[in-house]
Amino acid sequence: MRLSFVDVPRRRPWPPRISAFTKPFWDALSEGRLITTRGRSSGRLTFPPKPFCPHDWGREVEWVELSGRGRLYAQTVIHAVPAAFIGEAPIRNGIVDLDEGLRVAARILGEPALDAPVECVVLRYGDGPLFAFRAVRA
Amino acid sequence: MTRRVAVIGGAASRNGKLQTGPDAELHALEHEILAPLVIDAMAVAGLPKEEIGALIFAMCRPYTQQRYFATFMANYLRLPLKATIMEVLGNGMTGGMAFDEAVNTVASGRAEVALALGINMESHAASVEHAMLTMRATGDVDFHTIFGFTPIAWYAMDAVRYMHEYGATRAELASVAVKDRRHASLNPIAQFRTPLTLDEVLAARPIVEPLGLYEVPPRGDAAVCLVVCTQDLARATGRPHALVRGRGFFHDGAHQINEVPNDMTAFTAAQGAAAAAYRSAGIGAEALDLAELYAPCTIVEVLAAEALGLTPRGQGAAQAATGETALGGRIPICTSGGCLSRGHPAYVTGLLTIYELWEQLTHRAGERQVPNARLGAGSCELGNYNAALVHILEAMA
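Chain order of the listed sequences is A and B.
Heads up: the first sequence begins at 3 in the numbering used here, then just goes up one per residue.
Heads up: the second sequence begins at 461 in the numbering used here, then just goes up one per residue.
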């Protein structure tokens, strides 16, 4: 499922480091897809993606696409931010439980209620993507 | 070889702004603050310096100029050591780990006396710059820090979830700050001693919603030294001491959040550490006379108290509001004033926790003394209580 894009006309305050292994994740996000890894022997998903399965330490993993849908588990608005984030303050961040049974932390757009269904969107910064969640639009 | 171990002495500086800036005409030097406390603590213990076999330091903040501070101090104190010397680091658990290792060193027979000590100097670093360091400690740098999470942002999310699930109110949470400030007003080493009202706490500017200024930790400095020795040696001094009666540790295997959704506000690591500590002490939570919890925010004190079984699940905030966790209440928590008002010089907070328990259990706590205090628990943690270390101490006259 292709995710919606939200343009953010500035650079990411603290861009992620990209490795040969995580590059597919960030490339997919740029294309509007949220992906992660699944262990072949355990069949279990993990997030962030890892070059092995943390559950059974199996070395073979495969990339799978996530729905990007979930429910908002917790959130906060950060007023006292680190120096690099002053241009973004105040920041609404939260924790989302994805439908696939993964818990992720991310930026939150709008003001969704706790336990409300949310969907992943791509924040298209000038220098690359981040991900966020917002209330599912009816 | 495992021997019973006691805390026989202690000394601490006041909490607050001790650090000087780089351009100060006269600097506050870490070793000049800490060394007199070592001498004070040993004087209270009534033990000669020659008995000391180990120095276990809480690591200094990166702002401290002197590197390898531990071995520098061994020279400054002219202290040959037959057991070990080290600096430990474990985020908020740092001070607790230093104490834990000092206890191990004595219990294992390597030393008769060990010092657990440290100095945390950070107040001169601007909060926005300090947060550039701490944000990298409490989150995955490439998948959490990218969004701007700060250490206390995770606790704020605990508060939101806890209020949502249990119907706890903002006022109930805020009452923890009022209570801790009242305790701190009775503690000569506390950073903030002027009483706070509930209205002031609720009206404070937001830091990490829903928590305002008085519900998050102040920035500050402090130094502390604890003297740990065998129970036999402690008895021989004839001085009051606190026996290390129980100990428990648990790491939940997660960094801030569990990728497999769980009950985040249950603080399962604290539950596990407390269960192990109670088991090793042969007591239950109801036997405790007081608890000094590592709680940088109001919500953390509530959740840690519940995880340690001091208050029922979901009722911790309400019980704080009705005074059950205050001095004079059913189970006094954070009699020092806690991180919120005693102070939170994070790398030595765990040492200050044991210092408060030792003061209470040797009946040196003055106006904030818990009458007839016999059993006390201390906790420290890292992350969002992803790991917890719990000690249970017992008064020995």
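Don't read these hints as lab results, they were simulated from the structure.
The C-beta atom is built at its ideal place from N, Cα and C for all residues, glycine as well.
Keep in mind that a hint or two might mislead.
One side only, chain A facing chain B, incomplete, derived with CB under 8 Å [unchecked claim]:
1) V10
2) R14
3) R19
4) S43
5) S44
6) T78
7) A82
8) A85
9) I88
10) E90
11) A108
12) L111
13) L132
14) R139
Some chain B residues well away from chain A (every beta-carbon gap over 12 Å; in silico) [said to hold, decoys possible]:
15) R464
16) R474
17) A495
So, going through the hints one by one against the coordinates:
| no. | hint | result |
| --- | --- | --- |
| 1 | V10 | violated, 12 Å |
| 2 | R14 | holds, 7 Å |
| 3 | R19 | holds, 5 Å |
| 4 | S43 | violated, 17 Å |
| 5 | S44 | violated, 12 Å |
| 6 | T78 | holds, 4 Å |
| 7 | A82 | holds, 5 Å |
| 8 | A85 | holds, 4 Å |
| 9 | I88 | holds, 7 Å |
| 10 | E90 | holds, 6 Å |
| 11 | A108 | holds, 6 Å |
| 12 | L111 | violated, 12 Å |
| 13 | L132 | holds, 6 Å |
| 14 | R139 | violated, 22 Å |
| 15 | R464 | holds, 39 Å |
| 16 | R474 | holds, 25 Å |
| 17 | A495 | holds, 34 Å |
This entry does not satisfy hints 1, 4, 5, 12, 14, going by the numbered hints stated previously.
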